[in-house]
Amino acid sequence: MPEKGGLVDSKKMRSKRHGPIRVTLPVSVASDLEKLERALANASRVVEERDGHSGWHGGFMQVREFVIDPASLEVTEAAYPQ
Amino acid sequence: MRLPEVGVGVTWFAGMEPMLQANAELVDVLEIEPQTLWRRQPHARTIAIDTAALEAVQRQQHAKLVHSVGLPVGGTVPPRADDVELLSTVALELETPWLSEHLSFNCVEDESGTWHTGSLLPPRQTLAGVEAAVASIHALSARVPVPVAIETGVSYLQPRGDELPDGEFVGRVAEAADCGILLDLHNVWTNHQNGRQPLGDYIDQLPLERVWELHVAGGYYHRGFWLHANSGEVPAEVLELAARIVPRLVNLKAIIFELFPSHIPQLGARMFQSQMDSLHRVWDRRGGTAVRKTCVRSDPPEPDPAPSPKEWERTLACLTVHKRCDSPLATELRKDRGMAVIREMVEKLRGSMVVRTLRLSSRLIILERGTAYLEQLLATFWRTYPPQAFALEEAEAFAAFLCEEKPYVPFLGEVLEYDRAVIAVALDGEERSIAFGADPLPLLRALGAGRRPTEITTGEFEIRLTPDLVNSQAVLPVM
Numbered sequence: 001m002p003e004k005g006g007l008v009d010s011k012k013m014r015s016k017r018h019g020p021i022r023v024t025l026p027v028s029v030a031s032d033l034e035k036l037e038r039a040l041a042n043a044s045r046v047v048e049e050r051d052g053h054s055g056w057h058g059g060f061m062q063v064r065e066f067v068i069d070p071a072s073l074e075v076t077e078a079a080y081p082q
Numbered sequence: 001m002r003l004p005e006v007g008v009g010v011t012w013f014a015g016m017e018p019m020l021q022a023n024a025e026l027v028d029v030l031e032i033e034p035q036t037l038w039r040r041q042p043h044a045r046t047i048a049i050d051t052a053a054l055e056a057v058q059r060q061q062h063a064k065l066v067h068s069v070g071l072p073v074g075g076t077v078p079p080r081a082d083d084v085e086l087l088s089t090v091a092l093e094l095e096t097p098w099l100s101e102h103l104s105f106n107c108v109e110d111e112s113g114t115w116h117t118g119s120l121l122p123p124r125q126t127l128a129g130v131e132a133a134v135a136s137i138h139a140l141s142a143r144v145p146v147p148v149a150i151e152t153g154v155s156y157l158q159p160r161g162d163e164l165p166d167g168e169f170v171g172r173v174a175e176a177a178d179c180g181i182l183l184d185l186h187n188v189w190t191n192h193q194n195g196r197q198p199l200g201d202y203i204d205q206l207p208l209e210r211v212w213e214l215h216v217a218g219g220y221y222h223r224g225f226w227l228h229a230n231s232g233e234v235p236a237e238v239l240e241l242a243a244r245i246v247p248r249l250v251n252l253k254a255i256i257f258e259l260f261p262s263h264i265p266q267l268g269a270r271m272f273q274s275q276m277d278s279l280h281r282v283w284d285r286r287g288g289t290a291v292r293k294t295c296v297r298s299d300p301p302e303p304d305p306a307p308s309p310k311e312w313e314r315t316l317a318c319l320t321v322h323k324r325c326d327s328p329l330a331t332e333l334r335k336d337r338g339m340a341v342i343r344e345m346v347e348k349l350r351g352s353m354v355v356r357t358l359r360l361s362s363r364l365i366i367l368e369r370g371t372a373y374l375e376q377l378l379a380t381f382w383r384t385y386p387p388q389a390f391a392l393e394e395a396e397a398f399a400a401f402l403c404e405e406k407p408y409v410p411f412l413g414e415v416l417e418y419d420r421a422v423i424a425v426a427l428d429g430e431e432r433s434i435a436f437g438a439d440p441l442p443l444l445r446a447l448g449a450g451r452r453p454t455e456i457t458t459g460e461f462e463i464r465l466t467p468d469l470v471n472s473q474a475v476l477p478v479m
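Protein chains in written order, with my numbering: chain A, 1 to 82; chain B, 1 to 479.
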């Protein structure tokens, strides 16, 4: 019998650092694992850069939205998240 | 019946355009499996034709032949009217001169309803079986706009003393239904290799003037059986058989090399060209004169021996999908070594549907718990959930199973939701959002690259999946 348990393992997680973040991902990128990997690497870099510059603390911020471009896979932060 | 000669060709798959351009002189015709153009609508019980996928086929300049793989006509359950309508539409859109289907069965009707067997299974080869198949072929041919040919099937079961020989069964069905024959030489050779009817006897029992089309393909040995697998190089003996028989096929109109796309890299471009060259040489041997001959026939017992075709189909299907069945026939069939091969092939197909559809979830399970654990989960799933005809349904069933089973796999719930959402957005073009309690960027990135996710930060995250131009076949494998 397979071992049963919760679907999420708290031991694998680091402590909470981020506030609400939304990433908009075109499905053409999501369905192509190579593109997905590149796009998410770009997104991680941009999120980290923004965090570093703003000294951001999630509790006081609104949702931040990062948008992935399906052609270039470049990531921009939306000025006014929807 | 006068049908056009369409020549030598290959099975179509999405994305093969560069291969066709590189081999423009070698490919005259594309064989299209219409079910690869069908999509089960998410959250609906209806199937629709993927217009973009259909148009991609229509753009090819080659002749097209429609070869159905989901509405077999060898059993007692005739093809569903809705499915036949879709098949008709594809036949008209692609202007196929004829269409073909398998002389097998894949559905069973019993007190629990109609259910899918997970694969094409061999029919009961008696006179009652002939009658059932003829009724199914008539039900199909009455509702499609072109003539129908039946494909000769493969069977891993040992031949039975109470049945008609393979070739005679096909011959009797084709003559009684007045239809064409798609002679799959690799299937016939596979049956011969595995101890069923000798090739020469099989051919002698066929009405060769009804053969409109030949299939050739590759396979491999597994557990002492030669498998029909469309897996690459055609065995030399099958090509030799084709060269010998083609001059006798006075109504031959096409030869198709069946090949699954996943085996193309292994086959290689040069070998593909060499195989197609060989098939053109075989094709050039056609044009023999008709020799009228009487097909060899046995003297089948009257009345028809038990089990009936219905009982045969139900028993074989139950054993294939692990449903309980305690009849004497079930006891007999369990002793047949071919039964394990049939079951294994169905399970391999089901497993590939899950792994290719729930891609990141499958990877996550393997990376966190190992391949053996995923196989263990799948084995439990196969015993509790019946097979589904479509990859999307099979994947949905496995996702439901995982939600019930709650295996210990970190982040599985969210990754599963993500996988399902990607498919749904690709299919219906509606935006979806998935909430994550852990940072999806390193999580999905690691899975996309085949790495085990580590040190994932918690927080409130959301992935918003938006529709854009995507080939739905890229996210959803066919049946």
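Incorrect hints may have been included.
[Said to hold, decoys possible] From the structure, some residues in chain A lie toward chain B, with a derived Cβ separation under 10 angstroms:
(1) I21
(2) A43
(3) P70
[As the list claims (entries may be wrong)] Covered, in the sense of this in silico footprint (three residues per stretch, anywhere, with C-beta under 8 angstroms from a C-beta of chain B), are these stretches of chain A:
(4) 22 to 32
(5) 71 to 77
[Unchecked claim] Beta-carbon label-pair distances, calculated as ranges:
(6) B:I49 with A:E77: 37 to 47 angstroms
(7) A:E34 with B:Y221: 28 to 38 angstroms
(8) B:Y385 with A:E49: 43 to 53 angstroms
In short, the hints are calculated from the structure, not lab data.
All C-beta atoms, glycine included, are put in the ideal place defined by N, C-alpha and C.
Hint-by-hint comparison with the structure:
A distance limit of 10 angstroms between C-beta atoms decides the matter here; for I21 of chain A the minimum to chain B is near 5 angstroms, and the interface restraint holds. Evaluation of the A43 of chain A hint against chain B yields a held restraint, the C-beta minimum of about 5 angstroms falling below 10 angstroms. At about 5 angstroms, the closest approach between the beta carbon of P70 of chain A and any beta carbon in chain B falls short of 10 angstroms, and the interface hint on this residue holds. With 10 residues having a Cβ less than 8 angstroms from any Cβ of chain B, the segment 22 to 32 of chain A passes the three-residue criterion, so the hint holds.
Under a criterion of three residues with beta carbons nearer than 8 angstroms to beta carbons of chain B, the stated coverage of the segment 71 to 77 of chain A fails, only 0 such residues being counted. With their beta carbons about 40 angstroms apart, I49 of chain B and E77 of chain A fall inside the hinted range of 37 to 47 angstroms. Against the hinted window of 28 to 38 angstroms, the Cβ-Cβ separation of E34 of chain A and Y221 of chain B comes to about 35 angstroms, which satisfies the hint. Distance hint check for Y385 of chain B and E49 of chain A: the Cβ-Cβ separation is about 46 angstroms, which falls inside the suggested range of 43 to 53 angstroms.
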